[in-house]
Amino acid sequence: MNARSWRETLHRRVGRITEPQILFPLIAAALLIAVWTATLGVVRLKDAEAEHDAALLSRELLGTYEAQVVRVLREIDQTLNLVKFWHERNAAHGALSELKNRGLLPPDLVFSVSIADRDGAIAESTGPVGTGSVADQDDFRKQRDAGTVLVGQLPQGPTGDRKLLFSKRLNTPKGDFDGVVMVAVDAAFFVSGYDASKLGEHGVLGILGTDGVVRVRRSGESMFSGDVVDYASVLPKSDEADAVPPLSRSSWDGVWRWSTAREIYGFPLAILVGLAQEEQLATVRKDALGYLSWAAAGSVGIILLMAVLGRMSWQLAQSRLRESESRLEHARRIEYLAYHDGLTGLPNRSMFSKLLTQRISEARRYNKQLAVAFLDLDRFKQINDTLGHEAGDQLLIDVAARLEGCVRDSDTVARLGGDEFVVLLPEMDDGKQASIVAQKILSVIGKAFTLIGHEFRVTASIGISLYPHDGDDEQTLTKNADIAMYQAKAEGKNTFQFYSEKLNANTLERLTLESSLRHALERNEFRLYYQAKRDIRSGGIAGMEALLRWEHPDLGTVTPGQFIPVAEDTGLIVPIGKWVLKTACMQSVAWQNEGLPPLSVAVNMTARQFSDEYLLQDLAAILKDTGMNPQLLEIELSEALLIHDVETTLRILTGIKSLGIRIAVDDFGTGYSSLATLQRFPLDTVKIDRSFLGEFIGRSEDSVLADAIIAMGKSLSLTVIAQGVETKEQAEFLRTHACDELQGFYFNRPLPAYQFAQLMRAQTADISYIGTRAGLLNPEL
Amino acid sequence: MKATALSLLFALFAAHVHAEDIVVIVNPTAKPVSKEQIVDAYLGRSAELMPVDQTVGSAIYTEFYKKATGRDVAQIKAIWSRILFTGRGQPPKQLPDSAAVKKIVAANPNAVGYIEKSAVDATVKVVLPLD
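The listed protein sequences correspond, in order, to chains A and B. Counting in our numbering, the first sequence runs from 1 upward without gaps. Counting in our numbering, the second sequence runs from 782 upward without gaps.
Don't read these hints as lab results, they were simulated from the structure. Be a bit skeptical, because a hint or two may be false.
Unchecked claim - Restricting the straight-line Cα-Cα distance to at most 27 Å, the calculated cross-link-like pairs of lysine-lysine (BS3-like) are:
no.	chain 1	residue 1	chain 2	residue 2
1	B	874	A	100
2	B	874	B	816
3	B	847	B	898
4	A	100	B	883
5	A	447	A	432
6	A	381	A	489
7	B	883	B	848
8	B	884	A	100
9	B	898	B	812
As the list claims (entries may be wrong) - Here are some of the chain A residues that sit facing chain B, going by a computed Cβ distance under 8 Å:
no.	residue
10	71
11	72
12	107
13	108
14	110
15	186
16	193
17	197
18	681
What the hints assert, rightly or not - Non-contacting residues of chain A with respect to chain B, defined by C-beta distances greater than 12 Å in every case (computed):
no.	residue
19	119
20	228
21	351
Glycine is no exception: its CB is placed at the ideal position from the N, C-alpha and C atoms.
Chain B extracted, bound-state conformation (with noise of 0.2 Å):
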C-alpha cells in the first residue's frame, strides 16, 4: 500500500517535472550548437561534444530524452549499451541533480546539459529549448 501511495506520489510529480519545460545548456563561451548537434552527441554518434546525462530513470531524464530524441528510456540504454559493450564510447556521466549538470557545464566548455528552465542562470547559455 506504501509502495502505491509513493507510486502515485511519484507520478505526480513526474507529472509536474513533465509540466516544465526543459533546456539545453551549454558553457556561455561556446559556439552555438544545433540540435543534430545535440542529439549526436547524447546518442554517441559524435564525441564532438561532452554530454552530461542527469539520473538514469529521473523524470528530467526521460523527458529529455523522448524530446530530444524520441526514444524511450529502453532504446537509450540499448543504445549505450551496445556502444559501451563495443568499445567505441562511454555514456554521458550521471549527475545527481540540474545545479550539478550546471556546474559542470559552466567548467567545461565543451560540456552540453540539459536542465529545467526555471533553473537557467547566467553561468550557462540556453541553446535549445524543449517544449
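Excised from the complex, chain A in its bound form (with noise of 0.2 Å):
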C-alpha cells in the first residue's frame, strides 16, 4: 500500500508540474538559472583570462624593454671606454673629434659625449656646452674616488629634455685621475620605446637606480623622474624569470599595475614595466557588460516568451476545463433528465424507485419506519379535456409545488406520470404521521387552483403503504401504495387508505380483471348468451335477451356483474358494448337468413354507453353494416340511468327512437321514477325487476304492488316483461296479472348461440313441445 501511494503521490506531484502554471515559471526560472550561470561563468572566465594575459604581457614587455636598455647601456659603456681608451692612450686633446670623424661616436641627435679634465673643465664636447664645467657636480667628485660608470640623478618633477649623465673615470698613464668623459642621453630616450598600443596611457615604464631613486618613468605622453620607491618591494620576490607579475599599487600616482622590475646587470640601474590595471581589463570589462547586457535582454525574453506560453496554455487548459465542464453539464443534463420529469422538475418513476430501494435499505439498518403515499388527482382527466393541455400542465406544476411545499427537505416528492404523483417519507414512527401528511397533503390541494383565469378545486385521492409492514421491497410497496389509492378512490375519493390485506385481495382481483378486461376484445374472450322471452298467452318464444359472457383463459366464465361495473369505470365498455351490439344484430340476421322467424332480440346498455357522444353514430353504423331491422332491435335501459338527467336522456333516446329501434326499461320499479316523467319518454317496454317476484307470491302487500306496476305499464301503453321468474306460482301470478311476456330460469336458462337456434328450430317444428318444458300450456296446470 505503501509503495503504491508513494507512486501515486509522486504522479500527483509530477502530474502537477506539467501544469502551466507551475510549469512555465519552472522552465523559466530553469532558463535564466542557465543564461546566468554561463554569462557570469564566461565573463569571470574572461575576466581571469585577461589578467593573466596582461600579467603575462607585463612580464614579456619587461624582457623586450630590459633587453633594448641593456643594448643602449651597453652602447653607452663602450663609447665611454672607447673615448676612455682614446684619451688615455693618446693623451692628447681632441680625442672626441677624431672619433667622431671615424664615425665610432652614437649619433649626435641622441647622444652627447664630453670629456672633463682633472678640474672638471669641459675640454671637449659633441653636444652644446652647459656650464663650461662639472667640478662641482657630484659624479665628478665621484669619479675622482672611483672607476665605475656612475649614473646620474635628474631632480624630481616632470622630465623634458633633461638629460642622464652617464660617466667614467679618465686616468693618467699612471693612474692618477685625468678628467671624466661622460656620455649625456636625454631621459626620454629611455622611454622612447613605451608602447601606448601595449601599454595604454596609464601603463609605466621606468628606469630607477638601485638606491631607489626613479631616473626616468613614462606614463602614455607624461614623463617624470625622482620619485623615491621602495627598491626592495618593486623587485619580484622570487627569482624565477617566468613568474607572473602580481598586481601592486604605484606608489607614486595610486594606479593598480601589474608591474616588475627588474635589476640590469653591471649598472647600478632596474627597469620598471608595469599595465595599469583598469585598462587592461577594460575591453574585457566591456565585453563583460556586453554579455551582461545580452543575458539581461535574454532574460527579459525568456521571461516574456514563458509568459506568453504560459498564458498561451493556461488559456488552452481553461478552455480544456470548459469544454470539460460543458461535456459534463450536459451529462448532468441528460442524468438529470433521466431522472427527472420534465414539466415538474420533480424526480420521475426511475429517479423514484432508485431513491425508494436506498431508503428501504437505510431504513432496514437503522430499524426505521417509512412511508410511500401515492396519490392520484381525481378529476383530472376532466380538466385536461374541457381545459386543455396546457391547463392540466399548469395545474400538474402547481399541484407539485404545493406537494413539495409541504413536505419535509428529507421527504421526496416524485411525479410517476399523468396525474400520479408520489411522496417518500423515509422518517417515520408510525402511521399515524404519514395520515397526518396525508390529510395535509389534501387540504393543500384541494385549495383552489386559479386555470387560465378561472378557479377550479380538484381532490386527490392517496393511497399508503408503510416499510416494512407493508412490504419489504421496492416493488411491493409502490404496488401496495397503488392499491391503497385505489380503494381511496373506491371509498369516494378525496380521501387517503392505508394499504390492508384484505384490500389488497379486492383490489388485486380487480386489477387483473381490468389489464384482462382490456385484452378481453382483441383476444375474443367474449361470448354471447340469449335468453328467450315467452309470450305468456301463447307460450312461444316472443323474443330474446342478449347477454354478455366473458371466458377468462384462467378464470373461467365470467359474469357481467363482475366485470361490468370494471368496464364502466374504465370505459372499456363503449367498444365492448359496441361489440355486443354488432354480435347481436348479426346474430339475429343470421338466424333470419336461416330461415328461422324474426325475433326481436334485446340488448343492455350502461350510463356510460348511453352518455357515449358517438352512441347515435355507432348504432346507425351497426344496423346499415348487419343489414339487422331496427325494430327488432331492443336496448334495455336501466331505470335509475333514465331518470339521471331528464332533458338530456329525451334528447338521446328520441335520437335512438329514430333510428326506429325499440326502447326497454330495465330493472322497472326500483327507480322511483314518476308516471309523469316516464310519460315524456318514447318507451316500448317496461321489465319488472326481478325483486318484486322474489317475495311477492304468497304476501299480500307484494302482490298489489306488482300488480301495480303492471298496471301502470299497462297504462302507458307499454309491453310489460316480467323478469328473473324462477318459479312455477311466479309464473302462473303474472299471467293471470295480465304481463305481456315472461323472462326466467323457470323457462329458459341463457343460452349460447347454437343451443338457442335449436330451441328456436324446435318451438318452430314442436310448439307443443316448448310449452310442455313451459309448463304454461299445460292445461293441468
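Once you've looked at the hints, go ahead and assemble the two chains, each given alone in its own frame, into the complex.
Put into C-alpha cells, the structure is as follows:
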C-alpha cells in the first residue's frame, strides 16, 4: 500500500508540475539560471584570462625593455670605454672629434659625449656645452675616487629635455685622475620605446637606480623623474624569471598595475614595467557589460516568451476545462432528464424507485419505518379534456409545487406520470404521522387553483403503504400504495387509505380483471348468450335478450356483475358494448337468413354507453353494416339511468327512437320514477325487476305492488315483461295479472347461440314440446 | 645682452634662410624618387635610400623637416630616439653644411640630401623642390 501510495503521490506531484502555472515559471527559472550561470561564468573566465594575459604581457614587455635598455647601456659603456681608451692612449686633446670623424661615436641626435679635465672644466664635447665645468657635480667628485660607471640623478618633477649623465673616470698613464668622460642622454630616450598600443595611457615604463630613485618613468606622454620608491618592494620576490607579476599599487600615482622590475646586470639600475589594471581590463569589462546586457535582454525575452507560452497554455487548459465542464454539464443534464420529470422538475419513476430502494436499505439498517404515499388527482382527465392540455400541465406544475411545499426536506416528491404523484416519507415513527401528512396534502390540494383565469378545485386520492409492515421491497411497497390509492378512490375520493391485506385481495382481483379486460376483445374472449322471452299467452318465444359472458382463460366464465362495473369505470364498456350490439345484430340477421322466425333482440346498455357522444352514429353504423331491422332491436336501459338527467335522456332516447330501435326500461320499479316522467320518454317496454317477484308470492302487499306496476305499464301502453321468473307460482301469478311476456330460468336459462338456434328450430317444429317444458300450456296447471 | 643680440642675429639669419628655397637632391645616376620615398627615408620608415642630415638645430634642418614631413625638431628627435632605442635603425648622418651633403650625394648613388636651391650644381640632381 505504501509503495503504491508513494507512487501515486509522486505521480500526482509530477502531474502538478505539468500544470502551466507551475511548468512555465519552472522552465523560465531553469533557463534564467542557465543563462546567468553561463554568462557570469564566461565573464569570470574572460576576466581571469584577461588578468593572466595582462600579467604575462607585463612580463613579456619587461623582457623586451630589458633587452633594449641593456643594449643602449652597453653602447654607452662602450662609448665611455672607447673615449677613455683613446684619451688615455693618446693623452691628447681632440679625442672626440677624432672619434666622431671616424664614425665611432653614437648619433649626436641623442647622445652627447664630453670630456672634462681633472679640474672639471669641459675640454671637449659633441653637444652644446652647458656651464663649461662639472667640477661641482657629485658624479665628478665621485669619479675621482672610483672607476665605475656612474649614472647621474635628475631633479624631481616632469622630465622634459633633461639628460641622464653617464660618466667614467679618465686616468693618466700613471693611474692618476685625469678627468671624466661623460655621455649625456635625453632621459626621454630611455622611455621612447613606450608603446601605447601595449602599455596604454596608464601603463608605466621606467628606469630607477638601485638607490630607489626613479631616473625616468613614462606613462602615456607624461614623463617624470626623481620619485623615490621602495626598491626592494618593486623587485620580484622570487627569482623565477617566468613568475607572473602580481598586481600592486604604484606608490607614485596610486594606480593598480601588474608591475615588475628587474635589475640590469653591470649597472646600478633597474627597469620597471607596469600595465594598468583598469586599462587592461577595460576591453574585457566592456565585453562583460555586453554579455550581461545580452543576458539581461535574453532574460527579459525568456520571461516574456514563457509568459506568452504560459498564458496560451493556461488559456488552452481553461478552454479544455470549460469544454469538459460543458460536457459534464451536458452529462448532468442528460442524467437529470433521465431521472426527472420534464414538466414539473420532480424526480421521475426511475429516480423514485432508486431512491426508494436506497431508503428501504437505510430503514432496514437503522430499524426505521418509512411510508410511500401514492396520490392521484380525482378529476384530472376532465380538466385536461375541458380546459386543454396546457391548463392540465399548469395544474400538474402547481400541484407539484404544493406537494413540495408541504413535505419536509428529507421527504421526496416524485411524479410517476399523468396525474400520479408519489411522496416518500423516509422518517416515520408510526402510521399516524403518515396520515397527518396525507391529510395535509389533501387540504393543500383542495385549495383553489387558478387556471386560465378561472378558479378550480380538484381533489386527490391517496394510498399509503408502510415499510416494513406492507412490504420490504420497492416493488411491493409501490404496488401496495397503488392498491390503497385505488381503494381511496373507491371510497369516494378526496380521501386517503392505508393499505391492508384485505384491500389487496379485492383490488388485486379488480386489477387483474382490468388488465385482462383490456385484452379480452382482442383475444375474442367475449361470448353472447341468449335468453328467451316467452309470450305469456301463447307460450311461444316472443324474443330474446342478449347477455354478455366473458370466457376468461384462467378465471373461467366471468359474469357481467363482476366485470361490467370495471369496464364501466375504465370506459372499456364502450367498445365492448359496440361489440355486443354488432354481434347480436349479426346473429339475428344470420338466423333470419337461416329461415328462423324474426325475433326481437334486446341488448343492455350501461350509463357510460348511453352518454357516449358517438352512440347514435355507432348504432346507425351497426344497423347499416349488419342489415338488421331496427324494429327487432331493443335497447334495455335501467330506470335509474333514465331519470338521472331527464332532458339529456329525452334527447338521446328520441335519437334512438328515430333510428327505429325499440327502447325498454330495465329493472322497472326500482328507480322511484314518476309516471309523469316516464310518460315523456318514447318507451316501448318495461321490465319488472326481479325483486318484485322474489317475495310477492304469498304476500298480499307484494302482490298489490306488482299488480300496480304492471297496471302502470299497461296504462302507458307499454309491453310489460316480467324478468327473473324462476318458479311456477310466479309464472302463474303473472299470467293472471296480464303481464305480456315472461323471462327467466323457469322457462329458459341463457343459452349459447347454437343451443338457442336449436331451441328456436324445435319450437318451429313442435310448439307443444316447448309449451310442455314451459308448463304454461299444460291444461293441467 | 650679448646673447640676446646674438639670438636676434640668428633669427634674422634663419629668416633669410627661410626665404630661400630648399631642394632635395640625389645622385645624378639615381632613379627618380618620390616625395613619399624621401619622407619615409628621413623618418626611418624605409632603408631603401641613405638619407643625410644637416646639423641638428640648424635653420635648414628645421625648415626641411617642417616642409617635407610637417614635423618639428622635437618630434623628429622623438621618432629617431624611438627607432634608435628599439634598435631598428640609425638616424641619418649629420653633415656640417650643404657642400658636405653634395659631396656625399655625388659620391653615393643611394644617398639623398637637402640643400639650398642656390647651392645646386651639376654633381647632384634635384628630385624635389620644397617651397
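Could you check the structure against the hints above and give me the numbers of any it violates, in ascending order?
17, 18
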